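Assemble the whole structure, with the sequences as input and the hints as a guide.
Protein chains: 2
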Amino acid sequence: MTPSMISLFCFEFAEKMMQDNDPSHDLEHANRVHKLARYLAGKEGADLDIVIPASIGHDLIVYPKDSLKSKLSATHSAAEVAKFLQGIDDFPRDKIVAVMYAIQVCSFSKGIVPTTLEAKILQDADLLEAVGAVAIMRTFASAGSMNKTFYSPEDPFCVYREPDAHKYALDLFYTRLLQVEKRLHTQTARELARPRTKFLHQFLTQLTLELPQTNK
Amino acid sequence: MTPSMISLFCFEFAEKMMQDNDPSHDLEHANRVHKLARYLAGKEGADLDIVIPASIGHDLIVYPKDSLKSKLSATHSAAEVAKFLQGIDDFPRDKIVAVMYAIQVCSFSKGIVPTTLEAKILQDADLLEAVGAVAIMRTFASAGSMNKTFYSPEDPFCVYREPDAHKYALDLFYTRLLQVEKRLHTQTARELARPRTKFLHQFLTQLTLELPQTNK
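Here the protein sequences line up with chains A and B, keeping their order.
Quick note on full-length UniProt numbering: the first sequence kicks off at 1 and runs consecutively.
Quick note on full-length UniProt numbering: the second sequence kicks off at 1 and runs consecutively.
None of these hints come from the bench; they were simulated from the model.
Here the structure is a predicted model, which is why all the values come from computation and not from measurement.
Hints may be right or wrong, so weigh each one.
Copies of the same chain are indistinguishable here, so a pair counts whether it falls within one copy or spans any two.
[What the hints assert, rightly or not] DSBU-like, lysine-lysine: derived pairs with alpha carbons at most 35 Å apart:
| id | residue 1 | residue 2 |
| --- | --- | --- |
| 1 | K35 | K167 |
| 2 | K167 | K83 |
| 3 | K95 | K35 |
| 4 | K83 | K35 |
| 5 | K83 | K71 |
| 6 | K182 | K65 |
| 7 | K110 | K16 |
| 8 | K43 | K110 |
| 9 | K182 | K198 |
| 10 | K69 | K35 |
| 11 | K167 | K198 |
| 12 | K198 | K35 |
| 13 | K83 | K110 |
Structural data, given as structure tokens:
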């Protein structure tokens, strides 16, 4: 099977499964992560048979963050992707476990450092979604869906306090978005991250010009 | 009463009323609009007795967009602010109607062109919230709360189609955010809008670098 055929099959499957996903974890998220992962795989010499299904299917199932099942999202996504790949006659059976592994360790919040190149690449591609303009869209979409305050009125830019991303959306810049670059595994991903990190700083600079300088 | 005292009283009142408002229409939105409106009022020579309560209270009550009561938000906000001002002994009675008028015509989607300077200034201040980094936060927070798709996968930047802001969050840039500058009433607001509009273009440019160039 060619990489393009695997992509096509996986997207057809994902399209059916992901209809109701939130906009931060929808088919376009899969599309972006897939493009990034393929690019990284090409540069770093990773196995596309593993990277393609893992990247398209890594957020196949996303339970809401406040759901008890939330921690099972990756395991259930991996299981569904595996079942799907088993149904494709030409897909190499011996690679399905590696696809499942990449999906299961992808989420950075789990704190697992992947041991395979393919899993590292998926994590890097997914991490690149947490930096740049795309990350800004996703950060505030999550804030909206959770009715979370945008920033601390007293100290929006965390100058005098520890960031608290559970409380303020903008604090996620300090706990995650601005940290992405140094958490990436591959040099190729680091190069992609650099202009995106720069844009996050531009966003913060622009906000300093727009927000009232004193409270009330 | 000094302007600072009116601000203080109105914020105390708003703080009680706005506890559950969404992050695009919360107390910090009132805070930002108030600061902008006071600045514009100073430059344009408007009456602060009217501008201050109107700006702090203009989104006092915000019914959800999908609620039948949605169209009543401004009317009910105006009525609550009027009731509150009537309870303040030192507030000039004859200005309460002008405060109500400014609040009632503020929402740009109603399409009413204000006839008083104070109402123009409130509309300008509120319109400045629809441009720049703050507008980006608010646009995607709304997308998240309504589970709206970020952009069209086929044509994110509306090159080959008419924008549809009901369907895609990014399309709001084309139907509203990038239009703000030419819809403002005062020269002072136009000057504030310019760097904010520029930042919207920077955001779109950055997105063109991040989004996959072809679909799937």
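Here is what the structure says about each hint:
1. K35 - K167: Close inside one copy (32 Å) and across copies (24 Å); limit 35 Å.
2. K167 - K83: The answer is between: 33 Å across copies meets 35 Å, while 38 Å in one copy does not.
3. K95 - K35: Classified as within: same-chain Cα gap 20 Å, cross-chain 59 Å, threshold 35 Å.
4. K83 - K35: For K83 and K35, the Cα distance is within 35 Å only inside one copy (23 Å; across copies 57 Å).
5. K83 - K71: Answer is within; shortest intra-copy Cα gap is 20 Å, inter-copy 49 Å.
6. K182 - K65: For K182 and K65, the Cα distance is within 35 Å only inside one copy (26 Å; across copies 41 Å).
7. K110 - K16: Within one copy only: 27 Å inside a chain, 39 Å across chains, cut-off 35 Å.
8. K43 - K110: Intra 26 Å, inter 53 Å, cutoff 35 Å: intra-copy only.
9. K182 - K198: So K182 and K198 pass the 35 Å test inside a copy (14 Å) and across (30 Å) alike.
10. K69 - K35: within (29 Å within a copy, 44 Å between copies)
11. K167 - K198: both (25 Å within a copy, 30 Å between copies)
12. K198 - K35: both (21 Å within a copy, 29 Å between copies)
13. K83 - K110: within (24 Å within a copy, 52 Å between copies)
Checked against the numbered hints given earlier, the structure satisfies every one of them.
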